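J.: Now for the letters of each chain:
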Amino acid sequence: MAAASKATSFNSSTAHLGLNNHFRLKMSYYFTILSPTDTPLFNIAFGTSKGGGDGIARFRFPETAQYMNQFIIHSSLDILEEAQWTNGGMYLKHIDTYPPAAAYITAFLTPSGARFLLLHQPPHLPSSTSTGSGLGSSSLLGSAGSTTRASSSSIAANPTSPQTEEAVRQFMNEVYESYVKTAMNPFYRQGMEIKSPVFRSRVTAAGKKWL
Amino acid sequence: MNQLASPCHYRTQLIGFIHMRRTRVDKVNAELVTLTYGTLVAQLCQDYDSNYQDVNKQLDKMGYNIGMRLIEDFLAKSGVGRCANFRETADMIAKVGFKIFLNVTPTVTNWTSDNTQFSLIFEENPLADFVELPDDGRAQDELWFSNILCGVLRGSLEMVQMQIEAHFVSDVLRGDDTTEMRVSLVRYIEDEMPPEEE
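So the sequence lines, in the order shown, correspond to chains A and B.
Reading the first sequence from the start, the letters are residues 1 to 211 in our numbering.
Reading the second sequence from the start, the letters are residues 212 to 409 in our numbering.
Chain B extracted, bound-state conformation (with noise of 0.2 Å):
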């Protein structure tokens, strides 16, 4: 197991391709991301011998990683302020955090009455352009392509004091009609929160 690439090695990779795909749109073609998460992706269910559900845990805590850092340089280039309650953070997420750094605005919808829990649906998914799961058998029930998005909000909202839980219900990939992610609210972390500045 030692000769595997460290998660940490691969997140290195994507946070820069992520960045670069935001700062310089016209740079960066659209396919060198899909191919590079494709690629990844790849690997992990080499690495793991097809164990999709590791694999689907990696990229959770990959993405988890990039959330705690990319939530810094949402904020500041994006310069918006504090949501006064999680409908309004669900927005943001969908309007602004999404079109960022991917360019697509997935819908926000399905709420919980208590306001707590909610589905974003992506009409359509960089991430999976050209992608075909493998015909394994088991990757179309398992494998979760875009989990390291489930990461990511977690990883983000969780140094904004939210502790969520995040994960995919259904993707086109598996032949779904839609590519469905459930995002609850867990709790306001109010302990964990920083010392205010004076």
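Bound-form chain A, shown alone (with noise of 0.2 Å):
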């Protein structure tokens, strides 16, 4: 497992380019409620489970760095305020990108005005196409896989693909219902962070059932 973090993270080289196959359609994610004064209540980083992932988050920063999704996360916050007047749907899909990082963003509302917001970053890749088809044998397998696998319905593949969409709704839909559930919680306060291990558990589960 040390070899496939160290496959994703900057210093990654193209001699893993065999592992990549696998690790590039295992997306990572970075979940958080925010209140509707921007107050954080929960945050969760997990991995893809789909299609035999082990969900577990390998984001591109560093182990020290990780604050860059919050950051990332945040700076959506105004795109987000212009987006929730766009239409009259809870889940706004995705609202926005910050290509540095390849980070997609993707929100859903509650009515009471708490913001829920997904964060996808596939896995960093090394230009695999170009330095791939030099490399012969494991070239063959490695554009074979790529290109099947990247157009295909995977929605680690394509953060913006309808399925995708879809399945962070289903995820969304699913938070949603435990949010509320923790929210009639009479020892829980609005606006206070939630610490409840069953919510943690409960999200921990739809992120393994959708993502």
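Some hints could be false.
From the structure, some residues in chain B lie toward chain A, with a derived Cβ separation under 7 Å [said to hold, decoys possible]:
hint, residue
1, T250
2, F341
3, E343
Since the hints were made in silico from the structure, they are not lab data.
Since we're looking at a predicted model, the values are computed, not measured.
Glycine included, C-beta positions come from ideal geometry on N, C-alpha and C.
Mind assembling these two chains? They're in different frames, but the hints should get you there.
T.: Shown next, in the form of structure tokens:
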């Protein structure tokens, strides 16, 4: 597993090509709930579980810079505030992209003004198509894998595909249901950090189920 | 301490809600009762600085006061007569009382051989829906969230000449497998029987 996480880090080299085909499809997710006044209430990081994923997040930032996720997700709030008036739905789909980190932000608004934000980030890819083609047999596997899989309906393959949007919608709805139950707990005060282990495990389960 | 809302105030509110729920079931949403009771307990915990022993005591006291008046309503609406023995009383509580007021039917079980103690096992507890006890490391061991029910039984049975003692021994909210209340008959209150009608 150590090799696996290295393969997705900044310093990964083309030497990992064989592995990359496998890990290319594993998205990393960072999910956060913000109160109407932008206070973070809850956050969790997880990875793709569908299609044999191990559910572990491997962001491109080094372990010491995980706050980047928060920066990126919070920086999309302005766009969210514009997007929320564009339609009446609670699920706003993909609202923002932060290209330097290839981070895609999807948003969901509750009627009471809490925002659910999901950042998806595909693992770091060394430009495999160019380097890969020069590497003989492994490239055969590599390019075949990438073309068929990337265009497939795998939700990890394309963060903006309709399949992904649908999967995220399901995920958001399930989290919303749990959120409502949590908010109904008399010992939970509005605007308080959500510490409930039950809620966390429900979100984890929803992530496993849909993403 | 004197800015605490009086238990009297809480009780009047609650009695109102319980009453509404029973008589106009189609109009009152179960969540309203759950939230009202939950808020009451949460507020008590705050007012008593999370001294859960005191909260349990207050809940029991409120329940006692509810029970003393609720029994009148119960007898009037249910039209049941005097129970022949404590076993019958237990069934009446579980199958009629809880059914009318909370629409649940706890199981009566674990009788002692002298028929003076039994347990009520609650399969479901509408008061505790959505509830997760505070994770301060003490509530899980000290707070009996639904303790008001003990008081209700104590108050109502006292009005029909039965002195009982009731307490919870387990609660699913604390992570136990069941929610169980232990009820023991202390004595029949012969002395304080109201004068017979002539």
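J.: Is the hint on F341(B) kept, meaning its closest Cβ partner in chain A is under 7 Å away?
T.: holds, 4 Å
J.: Min Cβ distance, T250(B) to chain A: is it shorter than 7 Å?
T.: Result: holds, 5 Å to nearest chain A Cβ.
J.: Measuring from the C-beta of E343(B) to each C-beta in chain A, is the shortest one below 7 Å?
T.: Holds - the Cβ of E343(B) comes within 7 Å of chain A, reaching about 5 Å at its closest.
Hint compliance for this structure: no hint is broken.
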